[in-house]
Amino acid sequence: MICPNCGSNMPDKRKRCERCGTDLTLYKKVQRASNLYYNDGLARAKVRDLSGAVIALRKSLDLNKLNTSARNLLGLVYYEMGETVAALSEWVISKHFQPQNNDADEYINKVQSNLTRLDALNQAIKRYNTALGLAKQSSADLAMIQLKKVVTLNTNFIRAYQLLALLLMKTGDNARAKKYLQKVSKIDVTNTTTLRYLQELEAPAANAKDLDSNPEAEQSGPIGAIMPISSYKEDKPNIMAFVNLVIGVVIGLAVMAFLVIPTIKNNKSSDNSTDYQNSGYIAQLQDKDNTITTLQNEKADLQKQLTDLQTQIDNTAVPEDKTQVYVPLFDATEQYFTELSKSAGTRDFTAVADLLAGVDDTQLEIESAVTLLNRLRTEIYPDVAKAHYTKGHNLYSSAKYQEGLVELQKAMTFDPADVDAVYFAARSYQRIGDNVNAALYYNKVITDFPDSSRVLDATNFLAEVQG
Amino acid sequence: MINFDEEIEKFQPSLEIEQAEDVINNNDLTDVTDILKELLKGNKENKQ
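Chains A and B are the protein sequences, given in the same order. In terms of this note's numbering, the first sequence has 240 at position 240, counting the first letter as 1, and numbering is strictly consecutive. In terms of this note's numbering, the second sequence has 26 at position 26, counting the first letter as 1, and numbering is strictly consecutive.
Simulated from the structure, these hints should not be mistaken for laboratory data. Note that the coordinates shown come from a computational prediction; the quantities given were computed from them, not determined experimentally. Check before you lean on any hint, since a few could be wrong.
[To be verified] Restricting the straight-line Cα-Cα distance to at most 27 Å, the calculated cross-link-like pairs of lysine-lysine (DSSO-like) are:
hint, chain 1, residue 1, chain 2, residue 2
1, B, Lys10, A, Lys183
2, B, Lys41, A, Lys13
3, A, Lys59, A, Lys29
4, B, Lys10, A, Lys186
5, A, Lys299, A, Lys342
Put together the whole structure using the sequences plus the hints.
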């Protein structure tokens, strides 16, 4: 035992401190009483008489604040009742008085190690305080919402359950109030507040029992609805079977009226609607046929228009490129100047004459071009015609009548007034036996050149070929 | 019959965890042993 006066340790049997001489008899009695209360509290806690355990353990600590076991147990009981702060406080104080070998260490660590749980417990406390404020301001509905959340967060919070039950009782929801109170009873079996509320809830039943013993009260109170036990009577015929039959028939008719008949009607209407749809389709088909016919007609018309337009296009003479008609003239001019650049003896204007012969002077629209053409022809044609005549006559003399005819034709082309060329062309035809062409050219000599010395011969030869 | 308003007034706010330190510091831990000690101390002084 430790002397409370000087703190020295001594055997338990000593009644006086050997060091300071303090009488320890009363101290021992107080400690024994504290231990008794602790044992009582422990016994109550084991049977979940938490309220009783709290009272016993409080007394134990009032006698001896150093009773660490009692304080730790009190903390556990508080924790079980949902009083987290009170539990932690007891364990911290216990740790203060006994820093070593104290179970409070384990309890504190277990609570503090789970921060989520600790936060939930703190939230529950805050919500409980809010709900209490709302309840005191007669906002029972809001308070109950908060309290329901509280008992979810801390399922052992007895005060929250009790307040919730009280508010439910106030709103008339006794069944749920009783449910919550019974839950509290499982946590703390002898909580006087819980028992008082439960008693209040069970009061009507107790009143009913009282009323049973007083027959006069039956007629005036709500319990009057209870039927007294009557004497035996013959059972009435069971009409329930008949009622059930009638109900079955009614249900059957209702099914017919609301399910079968509308279905039949729907089928009929669907058939009608099918016909109607078919007629609609036929009408659509006719419309489409008409449309196709119209489109075909339009297509035929358009085809005809296309053909006409194509014909017009084909018939329309595309104007030639006007510049093309000048090309032979330019070529001839260029060739002419090329020949002029040569020496006089080597010049040959036959190619120039051929180019000029190819120029269609009717297509020339520029006056200067026409002038140029005429000038070139005037300059070149006589000499070229003379050259072709000479060549043609030489070929004629050499009895090469065919080749000579080619040259003589050219000579006639470039100089139509050369009667000799016409005469020898006639002679060449006569020589090769072409009397028709020979007569044609003899006539030409006679007709076109009546004053020529060739007329007499031509007349004679004409007689020959025509003879 | 319970008077609900009176019953609600009996309920006290619960201490929050942040207030635990104050609760511990302000806790009156005087027990019977302390009282005895004071009494015995007073007796001794009176005798002297």
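Results of checking the hints against the structure:
1. Lys10(B) with Lys183(A): holds (21 Å)
2. Lys41(B) with Lys13(A): Roughly 23 Å between the alpha carbons, so the hint for Lys41(B) and Lys13(A) holds.
3. Lys59(A) with Lys29(A): holds (14 Å)
4. Lys10(B) with Lys186(A): holds (22 Å)
5. Lys299(A) with Lys342(A): Violated: Lys299(A) and Lys342(A) sit about 69 Å apart, past 27 Å.
When held up to the earlier numbered hints, the structure conflicts with hint 5 and nothing else.
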